[in-house]
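Using the hints, position chains B and C against chain A.
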Amino acid sequence: MKLGKWIAVCLSTVLMLTACGAKEESGRVQIEFFQNKPEAKGSFDALIEKFNESQSRIKVIQVNPPDAETVLKTRVVKNDIPDIIGMGATDTYSLLAQSGIFMDLTNNSLLSQVDETYVEMLKDVAGMEEVTGIPYSTNANGVMYNKEIFKEMGLRVPRTWDELLATAQKVKEAGKIPFYFTYKDDWQTVLPFNALASNLEGVEFYMDRREGKITFAEKYREIAEKQLALMDYGHGDNFGKNYADGNRGFARGESAMYIQGTWAIPEIRKANPDVPIGFFPLPTGNNPEENKLISGVDTLLAISDRSKHKEEAQQFIQFLLKPENSKQYITEQTLFSTVDGVKQDDPAVAELLPYLEQDQVLDFADHYIPAAVQLNSVIQSFLQNRDIDGYLKKLDTEWDKVADRR
Amino acid sequence: MNKRLTPYYLMTIPAVVLFFVFLTLPALQGVYYSFTNWNGFGDNFDFIGFKNYVNLFKDGNVGHAYWFTFKFAVVVTILINIFSLLIAMGLNAKIKARNFFRGIYFLPNILSVLIVGYIFNYMFSNVFTIWGKNLGIDWLSTNILGSEQHAWIGVVIVAVWQGIAYNTILYLAGLQTISRTLYEASSLDGANRWQEFWKITFPLIAPFFTINMVLAMKNSLMVFDQIIALTNGGPGRATQSISHLIYTGGFEGGEFAYQSANSVIYFILIATISVVQIRFLQRREGDV
Amino acid sequence: MRTKTNWVVMLLITLGTILILFPLYMTITIALKTPEDMLSSVFGLPRELHFENFTNAIQMTNFFNALGNSAMVTTATVVLTLLTNSLVAYAIARNMNRKFFKGLYFYFISAMFIPFPIIMLPLVKLTAGLHMTNLVGLTILHTVYALAFNVFVYVGYIKSIPVALEEAARVDGTSTWGTFWRIIFPMMAPMNATVGILICLSTYNDFLLPLIIISDTSSYTLPLVQYIFQGQFNTDFNLAFASYLMAMLPMIIIYLFAQKWIINGITQGAVK
Chain A
1 MKLGKWIAVC LSTVLMLTAC GAKEESGRVQ IEFFQNKPEA KGSFDALIEK
51 FNESQSRIKV IQVNPPDAET VLKTRVVKND IPDIIGMGAT DTYSLLAQSG
101 IFMDLTNNSL LSQVDETYVE MLKDVAGMEE VTGIPYSTNA NGVMYNKEIF
151 KEMGLRVPRT WDELLATAQK VKEAGKIPFY FTYKDDWQTV LPFNALASNL
201 EGVEFYMDRR EGKITFAEKY REIAEKQLAL MDYGHGDNFG KNYADGNRGF
251 ARGESAMYIQ GTWAIPEIRK ANPDVPIGFF PLPTGNNPEE NKLISGVDTL
301 LAISDRSKHK EEAQQFIQFL LKPENSKQYI TEQTLFSTVD GVKQDDPAVA
351 ELLPYLEQDQ VLDFADHYIP AAVQLNSVIQ SFLQNRDIDG YLKKLDTEWD
401 KVADRR
Chain B
1 MNKRLTPYYL MTIPAVVLFF VFLTLPALQG VYYSFTNWNG FGDNFDFIGF
51 KNYVNLFKDG NVGHAYWFTF KFAVVVTILI NIFSLLIAMG LNAKIKARNF
101 FRGIYFLPNI LSVLIVGYIF NYMFSNVFTI WGKNLGIDWL STNILGSEQH
151 AWIGVVIVAV WQGIAYNTIL YLAGLQTISR TLYEASSLDG ANRWQEFWKI
201 TFPLIAPFFT INMVLAMKNS LMVFDQIIAL TNGGPGRATQ SISHLIYTGG
251 FEGGEFAYQS ANSVIYFILI ATISVVQIRF LQRREGDV
Chain C
1 MRTKTNWVVM LLITLGTILI LFPLYMTITI ALKTPEDMLS SVFGLPRELH
51 FENFTNAIQM TNFFNALGNS AMVTTATVVL TLLTNSLVAY AIARNMNRKF
101 FKGLYFYFIS AMFIPFPIIM LPLVKLTAGL HMTNLVGLTI LHTVYALAFN
151 VFVYVGYIKS IPVALEEAAR VDGTSTWGTF WRIIFPMMAP MNATVGILIC
201 LSTYNDFLLP LIIISDTSSY TLPLVQYIFQ GQFNTDFNLA FASYLMAMLP
251 MIIIYLFAQK WIINGITQGA VK
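Protein chains in written order, with UniProt numbering: chain A, 1 to 406; chain B, 1 to 288; chain C, 1 to 272.
These aren't lab readings, by the way, just hints derived from the structure by calculation.
There could be a bad hint or two in this list.
Just the calculated beta-carbon pair ranges, DEER-fashion [claimed, not checked]:
| # | chain 1 | residue 1 | chain 2 | residue 2 | range |
| --- | --- | --- | --- | --- | --- |
| 1 | A | I61 | C | F22 | 39 to 49 Å |
| 2 | A | D404 | B | N44 | 10 to 20 Å |
| 3 | A | K151 | C | P35 | 23 to 33 Å |
Restricting the straight-line Cα-Cα distance to at most 25 Å, the calculated cross-link-like pairs of lysine-lysine (BS3-like) are [stated by the list, open to error]:
| # | chain 1 | residue 1 | chain 2 | residue 2 |
| --- | --- | --- | --- | --- |
| 4 | A | K213 | B | K58 |
| 5 | A | K50 | A | K310 |
| 6 | B | K94 | C | K260 |
| 7 | B | K133 | A | K172 |
| 8 | B | K199 | B | K94 |
Computed from a predicted structure; not experimentally measured.
We treat Cβ as the ideally placed atom computed from N, Cα and C, and that holds for glycine.
In isolation and in its complexed conformation, chain A is listed as follows (with noise of 0.2 Å):
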């Protein structure tokens, strides 16, 4: 009869599917570790191929999408949260750690290998006693310039905000652009703010506007004003280049300098191996003993509470905080080591040493202003209609509105 067939193939179709979608390695116990750095992809793999094969009883997948910290809360809504989660600091941790889901980690024996500020800074940013993320690897936010386009100019590395504005000045008169912005991605906006928010208000100021004891309208009007300042030394289409077109530009020499992360160096590479890279802490005053570098963790290591594989996934961890992985990593990354001992020799960062060896370093910003506050297109917003007031306004009404909700 024709029905049975109709369904015969029906059925075989559907059972087709769920054969598919149900294969396991056998013997093996499978982990999954969800990272958000689409640059450290290919370092990570490196890294996990070699975990994989020393040894014979767990697979690490490795699972790294775009608008990462969007997916992750989306897997944590359909609760299939990963086994492993590879995140920066951020208010996105700070939120997921306060409902629970990540494992306690405060007495394991893992914290124990890495540098206890770090571990203090995630406290801080999580607002919790318990720790619940290992911190792996470090960054550092500040301006790339291209050290062949400063010598040929004559130009040196400025200390202080009127420096920095000379030095764009003086680009900018010998008709080459001082800054490629790449404004299109509206994150990279966010990377001045942090370096002027955190050093000229600091990251107290959120603790007393989170108490409603003061606002941005009475204190932000000096960085809102520099974030503009900025502006005048971009190129032609600053809110039409993305990120990518930010490292290829910079790699091709197409600008002196480049706000941004340690963290696009090998990006930047990768197009251009060649180009010569330093790196100077974004001058907010005039002061130069005051001014601080932007460091923050870069990737946390965090373990999933309802994760049934809680013993293989610290095995794995532990791996990667072995002191030859860790220096794979930062050395692949160009970020900077947690772990004691492990050293950053990059030419490219070396400026950037002292400060971090003296401790001369600020948080970000960011990571205390709620995510859905959208900090990153109320900025990108702000940059292009120049409204200094409504900007203030906007973070103020913004931040009101998303602590109604909480």
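Then chains B and C, alone, in the frame of chain A:
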């Protein structure tokens, strides 16, 4: 119960169940969550009554998403219909290789909206800008997607480029049902082209016009893939559509319940529009 | 009365064709160039063909796995949709005089204009709870969501099929099921073609549903893969375009061979 009817019930019940579970139930759940302050993953939440709804009406971002989406939908619908009607009339005229051209114009319809978006994203930033510079045209030498005022035009261009395909085919089908003799008769009466169009062509393809308007409107109200591929809602929130807001906001911590409330409002609005449209379609069906 | 070719219209139509084809020309040429070629000329034809972009993209995105997933979901959805949706529509169309079925008709088609985002958030939780965050779940959801539009077009079509044939069959002792499969279903062939083509295109190209439903990397469909690899494509547009082209190619190839059939099928649906 009439025994003869049993098979008919058996034919429909599974579909009704699935339909209820995957469409009606989630919609009801959304309504339920919209009265809470749940963030989507925490263990506990409270009922907060209409607070989400009150906040929605005070929220400029939500208002802007609605404004953008409706502006976008109206402009796209009008442009798609004008262009596709013109192209269809061109294809219906006496030209060579009509099937070849018809095939080309339909091609965009089979392509993934997301991928087309990525291709245009590249062209907006790296191709059109080069033309602009070479030709010395200022507005063309910067990426339109980077401009807060004009980015939405970029999204419109992509939506129209792709949306024309389907509507052109429908209009062409409509035009081909019109007999040549009607035009011959009118040309004997001395009617010019313009009169011919409004007196003969348009009334006869009116049903196609309705369906095309409805389809184009429906698709553009749900715009999501293009936004993801082209602007991700930016610059700022200039091109954030309602779908995009619900997706990003809903999974952005603390907004699950809030965006559920937004969905409910959106649903009420769309439902109102739908009722009007279905009435319209039904009346047409009654005529046939 | 035979008129000559209208050259003015012909010219305009040709110009329009260029607008349609230009982005595709760019896609193909960029996919075959290297970043260095791009520096010298963005628009020109590639000086030599760099097929390594394709091999690299295949390796990087695990292309054949994604293609397999897309093909499976699309095929299964088309088959399932044709079989189930037509059946539901038949039951409704033949009982429109009864309150229950008439109510069902409106229940189904009222969903036609409900935007997906409305149910998106709860759906994520629901499918996760039912363990449907995989290709099977995706297939079922596509089929269920197609119901609204398909019931609308099928019912319209079935109404135009005279009942006399079915009555004759019934007199011969054929069951209602038998009548449907042996008499009605074959008669709906043109409408099945229309529905099949539309559902095939929409399933193959869908992005939002897989985005929120699928979480296992090995189940990614082609559009999802393009999204997921944006980060890795960043520095190499040529690689990205090779990947885009490959993702679109299966549909383009099918279209090249079945163009007339596809367009007629879609036209059919609208005219009826």
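- request: Could you tell me which of the hints above the structure violates, numbers in ascending order?
  value: Violated hints: none at all, because every hint is consistent with the structure.
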